[in-house]
Amino acid sequence: GFVEQEAPPEPAGTWPEYGFTAAGTRANQALPLAPPFRQQWSHDAKALLEFPPVIEKNILVAGTNSGDVFALDLPSGRLLWQVKVTGLVASSPAIRDGIAYVATTKGRLVAFDAATGRRLWRRQLGSSIESSPVLFAQGLYVGTLDGELFKLDRRTGAITWRVKAPGPIKSAVAIWEKKV
1 GFVEQEAPPE PAGTWPEYGF TAAGTRANQA LPLAPPFRQQ WSHDAKALLE FPPVIEKNIL
61 VAGTNSGDVF ALDLPSGRLL WQVKVTGLVA SSPAIRDGIA YVATTKGRLV AFDAATGRRL
121 WRRQLGSSIE SSPVLFAQGL YVGTLDGELF KLDRRTGAIT WRVKAPGPIK SAVAIWEKKV
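The working numbering numbers the first residue of the sequence shown as 1 and each following residue consecutively.
These are computed hints drawn from the structure, not numbers from a lab. The structure presented is a predicted model; accordingly, all values stated were derived computationally and were not measured. Some hints could be false.
[To be verified] Beta-carbon label-pair distances, calculated as ranges: (1) GLU50 - ALA158: 22 to 32 Å; (2) LEU33 - GLY167: 35 to 45 Å; (3) SER42 - GLY13: 11 to 21 Å.
Just so it is clear, CB atoms sit at the ideal spot from N, CA and C, and this is done for glycine as well.
Put together the whole structure using the sequences plus the hints.
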């Protein structure tokens with residue numbers, strides 16, 4: 001049978017999804033962090049960033065509770081692009097291989113080119129999504145408030161499988177020992 005393989009370790013300067021890894025380790029050991037810390041730049045998103053942004057290749061992607069999704073150049077803080085999505089963003093995006101994935105409270109999962117903001121695909125999944133998308137192997141996992149867990153193909157947005165949970169899914173799914 002098919003055995004999914006997790007992506008190789010993330011390099012320093014990368015934070016691809018909520019919790020850092022599909023297992024939710026919340027730490028990038030490759031980051032050389034040591035005090036004293038200083039502010040490099042700031043950005044006024046003009047709305048609440050309820051969940052942390054994600055980072056890949058010096059691009060930071062975030063979503064707000066007013067439905068704005070934007071990308072910043074990490075070294076300079078310069079706005080690269082900004083788009084409005086249908087619904088609010090009530091979770092962290094995910095990012096890998098130059099594609100940013102954003103879930104909305106209107107049940108949409110949207111993939112954007114992280115460098116340009118061009119929409120690559122959009123999938124309507126039913127009810128509100130407040131769980132952060134999780135990337136594992138070639139899959140993208142996300143749950144909805146009506147209790148459905150989806151696995152989608154990261155490149156196309158096609159639904160690979162779905163399963164009904166006994167209640168709402170409000171947090172990011174966890175991957176442990178290749179199990180969701």
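Outcome of the hint check:
no.: 1; hint: GLU50 - ALA158: 22 to 32 Å; result: 29 Å, holds
no.: 2; hint: LEU33 - GLY167: 35 to 45 Å; result: 38 Å, holds
no.: 3; hint: SER42 - GLY13: 11 to 21 Å; result: 19 Å, holds
When the structure is compared with the earlier hints, no violation turns up for any of them.
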